[in-house]
Structures are given as C-alpha cells and as structure tokens.
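Chains as they are written, first to last, in my numbering: chain A, 5 to 472; chain B, 5 to 472.
Note that identical chains are pooled: a pair holds if it fits in a single copy or bridges any two copies.
Each computed BS3-like pair below joins lysine-lysine, with the alpha-carbon atoms no more than 25 Å apart: (1) LYS322 with LYS282; (2) LYS345 with LYS322; (3) LYS322 with LYS348.
Derived by calculation from the structure, the hints in this document are not laboratory data.
Protein chains: 2
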Amino acid sequence: MSDVRDFIDDHRDDLLADLDQWLRIPGISAQPDRHDDVRRSAEWFAEAARRTGFPTVDILDDGAWLPAVFAEWRSADADAPTVLVYGHHDVQPVDPLELWHTDPFDPTLDGDVLRARGASDDKGQLLFHLLGLRAHLAATGRSTPAVHLKLIIEGEEESGSPYFEQLLERHRDRLGCDVVVVTDTGMLAADVPSVVTGMRGLAAATVSFHGPDLDLHSGSFGGAVPNPATAIARLVAALHDEQGRVQVPGFYDDVLELSDDERALFARVPSDDAEFLKVAQSRALHGEAGYSTLERLGARPTAEVNGIGGGYQGAGHKTIVPSDAFVKVSFRLVADQDPAKITKGFEQFVSEHTPEGIVSDVHWEGAGVRPCLVPIDTLAYRVLSDAISAAFDGAPVLPTREGGSGPEAALQQAVDAPLVFLGVGLPDDQIHAPNEKVSVPMLFKGAEAAAHLWSGFAAVGAEGLRAR
Amino acid sequence: MSDVRDFIDDHRDDLLADLDQWLRIPGISAQPDRHDDVRRSAEWFAEAARRTGFPTVDILDDGAWLPAVFAEWRSADADAPTVLVYGHHDVQPVDPLELWHTDPFDPTLDGDVLRARGASDDKGQLLFHLLGLRAHLAATGRSTPAVHLKLIIEGEEESGSPYFEQLLERHRDRLGCDVVVVTDTGMLAADVPSVVTGMRGLAAATVSFHGPDLDLHSGSFGGAVPNPATAIARLVAALHDEQGRVQVPGFYDDVLELSDDERALFARVPSDDAEFLKVAQSRALHGEAGYSTLERLGARPTAEVNGIGGGYQGAGHKTIVPSDAFVKVSFRLVADQDPAKITKGFEQFVSEHTPEGIVSDVHWEGAGVRPCLVPIDTLAYRVLSDAISAAFDGAPVLPTREGGSGPEAALQQAVDAPLVFLGVGLPDDQIHAPNEKVSVPMLFKGAEAAAHLWSGFAAVGAEGLRAR
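This is chain A alone, in the form it adopts within the complex:
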C-alpha cells in the first residue's frame, strides 16, 4: 500500500506516455473526413480502460452517433454507491492551422506544459482518471474500486452532442448511478483550486423578416414601404432595456436570484476586470446593471446577437429597400429557466415586434440546453470539495460558475442523480483555439483528487450522496 501522491509521482510517465499516444489521433467530430479517427480514438480509450482493469468496456456505436465508450468496474462492496464519470474523447477542429506553433497532433512537452489539440479538452482530463483510479487502488490496497465506477465517454461533444440524449435514453439501464462526475471543466488558477457549480443553458434562434417581395429602388419606394432591415434592428434594440435587462416576456420569471451568501462567494473569487478585458480584447465592460462581471457570466441569463444580415453588404453602395433581413439570437439561461418557456416567450416578443407589412419567421436550433446548477450544501459537493482540497494541500476550494453550456443538465435529468464537476483545465489552456495546452501538474492534481473522491463517496454511501 502506498500513499496516493507517492503512487502518482511514481507513475507520471505512464500518464504522459498514454497521452502522447492518444493525442496523435485527430478525432475531430465536426469533420466527416475525421470520423474514422474518432472511431480510432474511441478504440484507443476502450483499450486503455481495459488495461487499467475495467472488466466491462464497450464501444457504443449505434450508427446514429459517433462512438462513445462505456466502461464499468463494480466494487466488491455490493452496497457501495455507483458513480458515473462523464467526459468526451472527440476534439475541436484545428483551423486556422497556421496559427499553431507546433503540429496540433504531435504532442510537445515544454517544461510543465503539454501542447496538442485535446490536451486539456478533454483527453488529458480523462487520462488523469485512469491514473487516479490506479492510485486509489494502490493507496487503499483494494483490488476493486471503493465505488461501483462507470464511465460514459462521448464522441461528439465538440459537435454539440446532437444525439447524446438519444444515447442516454437507449442505454438508460446501464447508466444508473447515485452521482455523476463531469470532467470537462477547469479551475480559476493553478494555485486557486475551485469547482464549477453551474453551467448556463442555451436557446438559439434565427428570426427572419420578409418585407417587399423584391429589393426596391430606395428613391422610388424608400420612405413609403416597410423596410425589413430597419424592422429587425428595432426588434433587436427592443431586446434589452437601458439597464441591460432582457425584455422577452417572462424571461426572468424562473431565474434563481443570487442569495447574499452566493454573492459573497462570487466576491471571494479572485477576478480582475482589467485582465478579463485583456483576454476579451474588449474596450469596455457591458451588461446587466447591478451585477459584477463574474455574476453576469455565471449567474445571469443573457440575450446575445450572434449575427445579423440583410440587403446589400458589398463594397460601395446600392440604394435599395431590401426584401429580407435576419438576426441570429442566442439566450444563455440560468437555473431554473426552461428553454421551452423562453422559446415561447421569444416567439411572443417577435410577434409583438413585427410591424405591419413584415412577415416574420422564427427558426430554433434544436430544443435548447437546460441550465445546470449544483447545490453546494450537499454531501456530494462536500466530499468533492474535500478531495480537491486534499490534492491542493488543504487549500480552500472556491465554487465558481461557467458561462458556457453543455449536456450536463440532460445527463443529470436522464440518470436522476446529483452531479458534480471535477476538472483541472486552466483559463489559458486555449481550448477550441490554436495552441491548446494543458498544465501537466494540474493533471496530477486531478488524479489525486479523483483517488480521494472514490474513497470519500464510498464513506458517505449512496443514501448520503442522494440526500439534500
């Protein structure tokens, strides 16, 4: 029996060697010509899970989606709680390639930094789990984990998880668990351990306004017929009031307002607006009045124009009244907003802001993504927080919220179990961008936290994990 940290220190090279192999497989789910690589990537991870000791490893490749990997290792303790780890093995595209300083699929270790596409998002983080599990077994002297451990490793997260809910539905009987651990996020800084406790939901629509049936001469018709480009601009302008509050009917009805305690937690998170502006390459902050930048991003819903178009967009000028205009709008949602209700409210908003003579259409991108919020007063959260703290020599662990959206809420809903986030990415990992990297020491911290986590979960038991 050895100490968790000692085991990990002794086996660092295993993780690095595995990562070097896996990162060479360009499993870009968004590119059909890379789908064979996505399959190779699934097979590689399945083999690595078998090697680690998982008795059951299956590739879920039902044709409707790119292959996911399911693995299961039951504990010898029949009453142990069941844990489901979620992650994904596919990676983002690499364009623009010319901005990479190294080959994105030739992993390059430079001191503590490993550069490659997928190093942080999400291959590095999945491999810390395999090392962490080995450390857990070594440190506890067990031949099976202290919890029944399941892995569900998706293959099309970077394409928006289009079939993930179908996958969850089809394999529901194998995915039952008492807690979900999502490993696809990050921490505030290498010396500031933290836990994501919320992801925003998403609803995205394209609104089309159709005016005259053809582009008209603005001299012969301008000023006498409705202009769809003007009308769509007025719709967009009506989306926010002067305080930056979204004017869609019922938009804030279900928003969980921040408690004083939660605002105090936000205030504890080290954050620097000047640094944020630098990363955003923006000249000013902007948003809902009365909230800090972190609160705006993590705890407040938004309406954002992603694109707008209509009429003549080329060089010079064409003096027309355009026939058509459109705007692409997306809403980031927070607990307990429901995409279905927001959808309805926005359609009412569009209808109320469609002037006479304009025909409007609202097209939604799918059914939307629910927001996900992890309560921090549960045993599941406390065990996670303690496990991370242990890996960081007892440092306090800060709860944070992310502004992005993922399939977490759908996962949580499908398995009907509490969910926590364990991720060790860093803000400057450049995920989704050229020169993605991962901090190797952070991966070892993740492995250490995971090793402790299984013991902690086992100690509180299934009932404790499910209790509120």
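Use these hints to put chain B onto chain A, whose structure you have.
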C-alpha cells in the same frame, strides 16, 4: 412650311430607323468591357446630331470620364435665349439576361411598343429631340433654331455620374445658357401629361461598429462585453421615431414644407395606393405620419437602411459575440436640404449612439447629391407646360415629383440657370430592369413638345426665362 405634327407624322420612320441603329450599341458604362461600346455610342450620336444640322459637335473625352457629346446650333437671332439640353447616351447593364423576352440589343417593335435596353432611358428621348428640332425648323420655316441650342449628352449617368461635376467645371465656358432642359424622366400615364418638378437629393454612408478585437464565445463572454451587432441595431432603431420622423439632429431644419397649394397639387395627381403596393410587392404602406404616399416619395426626406451585416450569417448557429457590425444607410433629401449639413448631423448622431467600448467609423459615398426643385410659377415652367399641353391636344399638365436622385442640381448650380424637365417615359417602361421598352407614340409627343418649346422659349426671351 408644315405643321409640327404633320412633319413628325411624315417622319416617324426616321426616328425609328435611327433608334434601331443606336439601340444596337451596348454602351453599358458600368461594365469596363463595354467601354468601347460607350465610345461607339457617343460617336453614333455625334454623327446623328451633325446629320440633323448641328454645326458644332464635339466628343468630350478627357480621359477622366467616358465620352460625353456636346453639340451647339446657334440661332440666327443673336438675342435669342440659350437652351442647354441634358441627357445621357449610356445604358444600364442587362443582367439577369434570362429574364428578357427578346435580345436587349436587338430592338423589337411590337405595335406601339419598342423593346430594347435604352429605348426609354435615355436614347429614345434624345432622338425625339432631333426629330423635334427638324419639325421646329420645318414648321417655323427657319434655317436655324429660334433659340441658341446646346446639347450635353453624358456617357456615365448610369454609373452615378462620378465625373460629371468635373466635366461641367472643365467645359463651363461652353455650357453657359439661360435655361436647362433635362430629358431623362417620365410622365404619369400616356393620357396624363405631366412634368417632373423635383428630384430628391442623396447622401449615403456605411457605419462600422468595432467591438472586441475578435469574435468571442458567447458563453464565456456574452452578457459582459459590448456587442457591436446589438449596438448597430440600436443605432438604426434610433434613426426614426414612432411617427417615422428621422432623428438625425437638424434633419428637418432646411426642409421646404409643402404649402397648401402644393398639397392640393399632389392630391390632384392620379394615384392608387393599392396599385403602388402591387408594383412594390409590399404588404403595407409605411412612412412618415401625416403624408400621402406621393408626398412621402416626392416631398419628404427619408433615412433608409440599404444593408446591414455582422457576425455569423451562415447556416445553423455560431454562438459568438461578433467583433464587427455595419449598416449602410442612405438619406433621400428634399429642397432645401444640403448633403453637407446632413452629413455633419449624421456623424453627430452616430457619435451620440456609439456606446462605450465600441469604435465607430462613418464612410460616405462621395459628397452626396443635392435635391432639385423646379418652381412652377416661372415663365420657363409655364412655356414648358404649354408646349406639352399643345402636344397633348390642350390637356392640362400636372406637376409631379420623383423620389430618385440625379445630377440635375449639380448641373443647375454649375450653369446658374433655371431648369425644367421634359421627359416622356412611362411608369411601366421597366428602365434599369429586364424588358425595357418605350411607347413610340410618347416619343412623337415628346418631339412635338420640343418643337413648340423652342418657339415658346424664344418668345419670352432670355430675360423672361431667368426672371423669378
């Protein structure tokens, strides 16, 4: 000596034969590969003017512009007033060619209708002048016109007359006159003789808003930084109030409001909103409250969005906060608005509506076009109205205004003389569109009116023409 109408009736075939030749020359000024044809077109008209008897015919081809034709025929009466006729010999492009029922450069006579590119705009109208002049000489028994007659026939009007003001400046000493006759417009209907008395001016700008220096992830940054697409939509929405009035500072300061008499004249013009909507293929009227459609188009200034763009415009969705957005806006101006003042007012408006964190830029398309308004209480106008009435067997002649913009105001300013419009196009001539046509009887009416006009102008003399 013969009657004007008899002479024209006897020489109809001359006009048709000339037109058939000239229309075969595809002098499209907007297409560089047609510039040789524009030159051939100028040469053809120069030769036609010489044939008609003009002793002086010059092609003005100074290199900075496509060739214009200048012709002069002095009257034997030294004290006769000088008349300058303006028109253009270049034509519009013919795209989309597949919508033409006949070859645009193979003129086709079908009953009273002659179809070809340029038939109405503007070759047919220029050739009625040559026939009208011959009728004038025949009917008066003169060997020179009753007025000193000058023609300035531009070769790049369909490209926006980019160098016309330079041309006027360079040839100022040859263009001096007591009245300008613009022959490039139309009448309300074949049985409703009318005279254009106003054209709107024009100022057109592209406003660019720059936000963050790169497209940002709307999850990680949305709701916390300014969005240039939202900001430009709010700028556009602020352009008009709920009454459809333009909110640019000082916009209406110099607008000549319609007198009751002028509104009564507008009300006399046969017009049908249902028919207007059908032509516009629009589902509703829209515009400044308190004005009729004709007033909105002819006598009121407008601000119109010609194009808008920013962010992601492709299929599906990209959840970004875009870095850039722009809008192309054009203003139609009426007397006595000055494009230079509107330009200044709009720049102030943009600056007042640029939120913090957005960098704005306003790019103007040239210096703008001044509006042109012909007073109808002058001798010049009365003589013109009488000449047209004579061609229409004594029918009353209605003053109208066009919503479009042309180089008339610049021309009037350059020669410092009153200006009138004599044009016989019809609303359904399809100028600038496939299947352009001209009504041949209208061309003969034009020739008849022109023949009378020179006698009428001579009768009132230079002083009468210049008097207010």
